[in-house]
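Q: The lines below spell out each chain.
Number of protein chains: 2
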Amino acid sequence: MDLTYDWVVGFTDGEGCFYVGINKHPEMSAGYQVLPEFRIVQHKRDIQILYALKRFFQAGVVRQNNEDRYELRIRKLESLEKVVDFFEKHPLKTKKNVDFQHFSRVIRWMKEGKHLSKEGLIQIAQLVREMNTGNKPQAEAILQELQSTG
Amino acid sequence: MDLTYDWVVGFTDGEGCFYVGINKHPEMSAGYQVLPEFRIVQHKRDIQILYALKRFFQAGVVRQNNEDRYELRIRKLESLEKVVDFFEKHPLKTKKNVDFQHFSRVIRWMKEGKHLSKEGLIQIAQLVREMNTGNKPQAEAILQELQSTG
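In the order they appear, the protein sequences are chains A and Z. Residue numbers are given in my numbering: position 28 of the first sequence equals residue 28, and the series is strictly consecutive. Residue numbers are given in my numbering: position 8 of the second sequence equals residue 8, and the series is strictly consecutive.
Since the hints were made in silico from the structure, they are not lab data. By construction, the Cβ of each residue, glycine as well, lies at the ideal position given by its N, Cα and C atoms. Some hints here could point you the wrong way.
Claimed, not checked - Using 20 Å as the maximum straight-line C-alpha spacing, the simulated EDC-like pairs for lysine to aspartate or glutamate come out as follows: (1) A/114 with A/145; (2) Z/82 with Z/145; (3) A/95 with Z/130; (4) Z/95 with A/67; (5) Z/95 with A/81; (6) Z/95 with A/71; (7) Z/95 with A/145; (8) Z/95 with Z/119; (9) Z/118 with Z/140; (10) A/95 with Z/68; (11) A/95 with Z/140; (12) A/89 with Z/130; (13) A/89 with Z/145; (14) Z/89 with Z/130; (15) A/118 with A/2; (16) A/95 with Z/119; (17) Z/54 with A/6; (18) Z/89 with A/6; (19) A/54 with Z/6; (20) A/111 with A/71; (21) Z/24 with Z/145; (22) Z/95 with A/2; (23) Z/95 with A/130; (24) A/114 with A/78; (25) A/95 with Z/112; (26) A/54 with A/27; (27) Z/76 with Z/88; (28) A/89 with A/71; (29) A/54 with A/130; (30) A/136 with A/6; (31) A/44 with A/71; (32) A/95 with Z/37; (33) Z/24 with Z/119; (34) Z/44 with A/130; (35) Z/89 with A/2; (36) A/44 with Z/130.
As the list claims (entries may be wrong) - Far from chain Z by the CB rule (all over 10 Å, computed), these chain A residues: (37) 7; (38) 10; (39) 15; (40) 23.
Just chain A, same shape as in the assembly (with noise of 0.2 Å):
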């Protein structure tokens, strides 16, 4: 099956969510882990679309989502370099793509390092509390952590 560009901009309008999680990780620089994803869920019905997709963006890995969900899940940092850049080339025309604005963000952070100091993370925990897909109750537990140790 062949995805066009706008088939490609549109499903993920529809269906994509741009996730960035920050878990606690002791062995982390900074005690914290920043776990950007980005993710397509579908009935097991339509697995054939998220292999279509990876073959797509040539990166991630379908999984099992819970019972008869699967998901596309891609969250390898130069992997989803390459998902950020199409999204810039291509752009959502949803309100999706504020979140993927935040989401693209994150990723340049990333790759500068910023995650691994704690004002780094700061910045990314008040990013994604902005996020509509962000785990805003997660990032505002973290910033409240952060900004209360010295």
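Keeping the supplied structure of chain A fixed, place chain Z upon it in accordance with the hints.
A: Just chain Z, lined up with the frame of chain A:
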């Protein structure tokens, strides 16, 4: 906002719904009214996408779906014929295309007046029963009623 054909196909693969309702309606010759509709629901933050799609199809109304969600709904038979024409020329890529094929057949049958006879209604209800987005219990109940009466 300009929408390309492929974007509309991709977005509909994600968010579109081809639905056929069948309701009791004593004034109709066969006792039932067939109500096909094409529907796209979005969070109110993306209401401008619904208006862009309304302009694209030159059809439908944008209305509140529930508290923070809005929908573009196309119900007029002549408008649905245009929608069907579009998705026949530009096929959906997900399994939603199977539902669309059933929907398309219902529209064609309605144009021929098939929904006005009991035999036609039975055929329509049989198709709707197979649709993922169809109201299966409703279709099943109608089939039992129509097939039990002489």
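Q: Please list, smallest to largest, the hint numbers that this structure does not respect.
A: 2, 3, 5, 7, 8, 11, 12, 13, 14, 15, 16, 20, 23, 25, 26, 28, 29, 30, 32, 37, 38 and 39
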